[in-house]
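Asks: Sequence:
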Amino acid sequence: MKTNLVTREGYLQLQQEHDHLWNVKRPEVTKIVSWAASLGDRSENADYQYNKRLLRQIDRRVRYLRKRMPDLKIIDYSPEQAGKVFFGAWVEIENEQGEILKFRIVGPDEIYDRKDYISIDSPMARALLKKQVDDEFYVTTPQGKKEWYVNSIYYPGAE
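Under the numbering used here, read the sequence shown as residues 1 to 159, first letter to last.
I should point out that these hints are in silico values taken from the structure, not numbers from a laboratory. You may find that some hints are simply not true.
Stated by the list, open to error - With a straight-line Cα cutoff of 20 angstroms, these simulated SDA-like cross-link-like pairs (lysine to any residue) come out:
1. K145 <-> E99
2. K130 <-> E147
3. K131 <-> R114
4. K2 <-> K67
5. K102 <-> S119
6. K146 <-> A127
7. K131 <-> K73
8. K2 <-> R114
9. K31 <-> L21
10. K67 <-> Y117
11. K84 <-> R26
12. K84 <-> K2
13. K73 <-> Y117
14. K146 <-> R114
15. K130 <-> P156
16. K115 <-> Q132
17. K84 <-> Q97
18. K130 <-> K146
19. K115 <-> K67
20. K2 <-> D121
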């Protein structure tokens with residue numbers, strides 16, 4: 001079960017992706033499919049087969065976005081969040097070995113193509129919620145319990 005939370009930037013990116021796929025990419029691919037279909041034998045036409053598959057992928061993603069976006073709840077920064085880790089926070093953490101991680105806690109729809117975002121549904125994010133700078137916390141991993149410390153918390157737009 002995915003959490004239905006999203007940052008305002010994340011929602012705008014999903015909206016832009018939908019608009020680009022629907023208004024730009026889909027018409028381009030549809031034009032190519034029509035042209036390739038007009039050439040005759042579709043069973044051996046690589047242009048037709050490839051672009052038809054691409055069109056199905058675009059349609060699948062557009063359907064997903066149209067179904068998912070109305071269910072999403074946009075979460076903006078609130079002054080009550082100051083000093084603690086909540087949704088939308090950039091967090092820097094460190095373990096005893098000196099390994100430092102920096103990431104933002106966002107909704108599950110925002111993490112794709114980003115190495116510096118983690119889902120609010122992840123064990124790390126769940127363990128971090130409501131923690132403050134210098135707090136220690138534990139995350140259960142397949143390798144066992146790991147201890148981490150919160151170095152810093154930052155909220156975009158909280159200046």
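Asks: Checked against the structure, which of the hints given earlier come out wrong?
Replies: Of the numbered hints given earlier, those the structure breaks are 3, 7, 10, 11, 12, 14, 16, 17, 19, listed in rising order.
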